[in-house]
Amino acid sequence: MRDAAPLVVVADDAGDILALVQTALTRAGYEVVTAGDGEAALRLIRERRPALALLDVSMPKLDGLGVLVQVREDPSLAGLPVILLSALAQESDVERGYSLGASKYVRKPFSPRELVSIVGEILRAG
Amino acid sequence: MRSLRQVARPWLAYVVAGSVVIGVYFLLPFNTVGQAVLYDAIGASSVVAVLAGTTVCRPAKRTPWYLFAIGLAAFVVGDVIFNLYAYAWHRNPPTPSVADVFYLLGYPFLAGGFALLILDVRRAERRAGVIDAAILSTAFGIVQWIFLMARLVHSADRGLRVDAAYTGMDVVLLSGLAVFLLTPSWRAPAYRMLTASLAFLLVADEVFATNPNHYGNASWNDALYLLSYVVWGAAALHPSMVKLSTRRRGTRPRLSTPRLAVLTAALLTAPFVLVLQRLLHERPAVVTIAVGASLVAVLSLARLAGLVRAVDSSRHQLESQNEQLRAADRLKDEFVAVISHDLRTPLTSIMGYLELALDSDAVPEPERGYLKVVDRNSARLLRLVNDLLFVARFEAGEMDLTFVELDLGAIVRQAVEESLPRAAAKAIRLTGETDDALMVSADRGRMFQLLDNLLGNAIKFTPEGGRVEVRLHGDGDGDAVRLEVSDSGIGVAENDQLHLFERFFRASNTRGGTVPGTGLGLYIARAIVEAHGGTIGVDSRPGKGTCFRVDLPLVREPAPSAAEFVA
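Top to bottom, those sequences are chains A and B. Throughout the first sequence, residue numbering follows our numbering, covering 819 to 944 in sequence. Throughout the second sequence, residue numbering follows our numbering, covering 556 to 1122 in sequence.
No lab work stands behind these hints: they were computed from the structure. Do not take every clue at face value.
[As the list claims (entries may be wrong)] Computed, partial: chain A to chain B, Cβ under 10 Å:
id	residue
1	I835
2	V839
3	E849
4	S876
5	K879
6	L880
7	D881
8	G884
9	S904
10	Q908
11	S921
12	K922
13	R925
14	F928
15	R931
[To be verified] So, partial list: chain B residues that the calculated Cβ filter (under 7 Å) puts toward chain A:
id	residue
16	H896
17	R899
18	T900
19	L902
20	M906
21	G907
22	L911
23	D955
24	E1039
25	S1041
26	S1043
Built from N, CA and C at the ideal position, the CB exists for glycine as well.
Work the whole structure out from these sequences, hints included.
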């Protein structure tokens, strides 16, 4: 059995952006599963045990910060890198994301190329 | 009536004619039939003048003027009856006589006319005026009663008791005059004339009351009565009399200095009278003074309450306006945040998919070129969104700054490096020159934004083949650092230099669509510099180039050894 490609969970309620991130990561050789809201993302993270999660901050049902909090409270998910994506660009939003334990806060709009390289860096560092 | 309308100024003609006749009155031998006839004629003419003026000028409300005419007519009838006793029937009139009845009847009509005129004034203004007038009338009443009326009323002589009625009527008249004077701020000539004639009548009555008991005898005091008639008639003939029955807007009762002086005098009347009686060795009229003073106190309290309520209501109004402004401000902030978020989301798709498309080899020219145009314009749109968001936050006092000690030289070098491709695209020579380790306390992101703005501007406004230079040096004293960004661009006209850092300002030579821009870049640059305790300025010569200077406080000077080491 060959080495499986690292699994990334991507969650965003905007379908276009979800597909954009999925395409960019798939092209870079990652396996990607997607969710359209925070609850689905949390379920996927618990079931699939990904190498990394990419979460949009503004999502229905449970927002990205809410998912992040639950992930950090779950000892079985310790060490899971979480990247937050957000169109909220105020410094206070960024600080809040980091204080809750985000590995990286990426502002929208972002360059897919740069996002892929950020994911690569974090996975290598982990 | 037709002929009256043809006279240019009927009121002036009437005043002149009336004055001449009054002059003639005093040239005639006193206490003769001729004098009596002239006196009655002047009185009667005033009634006609009031009626004529009312008909010609057509005020909105005529009733007050008809009441004036009736009051004046009653006086005239009284005059005639007295003269009939003296010159036709040759005997002294009885006390009281029918003439007294007519005289005393006149006062309420005159006072009623004034009251009706005042009813047309705005409520708040009227209330204050009426209270002030009541305070004044009470004070006048105290004096009138103690020094004139009490003696007359308590006298055994029936004639003197009739005189007391006149002095009482004077209090009524003074109330009318006071209300009229203190209520509105009509400054029409008709208003002044009415006030004057009322004052003439009042003074004449008071003079008469101090030395009564010669009805029918002519005296110099008659001049005041006659002037009162004439001026009253003139007031009705003056075109401005119509203004007295139109409701005035926008004036609030003011506590002007003269009004305050009059009110203060009224408030001090009771104690003053008490002292005066003491000095005159009279028995103090304790009851009158006590009742009068209490009335004045109650009225003053009512006036004060009115003032406090007016202040309260304007304060409430201000507070609710403030609340509305705050709500509008919150709405604006929310609006900006939502707009920013909702613009960024579609831009993420546009710019992201463009990048994916351009990264693949599947897009041939010229389509690749088209997509690059879309990409460039998307980037511009994003900058605009960011700039607008920055300005909105800055103006709401919410510029997030994270101050750290950082080496400004490193930031300058990074900014220059990142601008090189833009400069190269226009064959512009971009060079940087920095001292090392110039430590400033600053927000890294904002400092980079500042440099990016200044460099972007310089490249944008410099023609192909020009040059842009960035220099960063500590000043000699070691407490400031100076950053200069100069170019060989189109320059800024002197008139424009003053406004260059204003929001949405665009220099005259950049308008017209050839060079894109919103006029926010330098406004943001100044906001950033000032938030860091620095200053920004510009030197420019149109056609030659522009140099922006930024001075920032220096935290630590470069150690000479370090500079040498790096060099």
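Check: Going through the earlier hints one by one, which of them does the structure break, listed in rising order?
Finding: 3, 5, 6, 7, 8, 11, 12, 24, 25, 26
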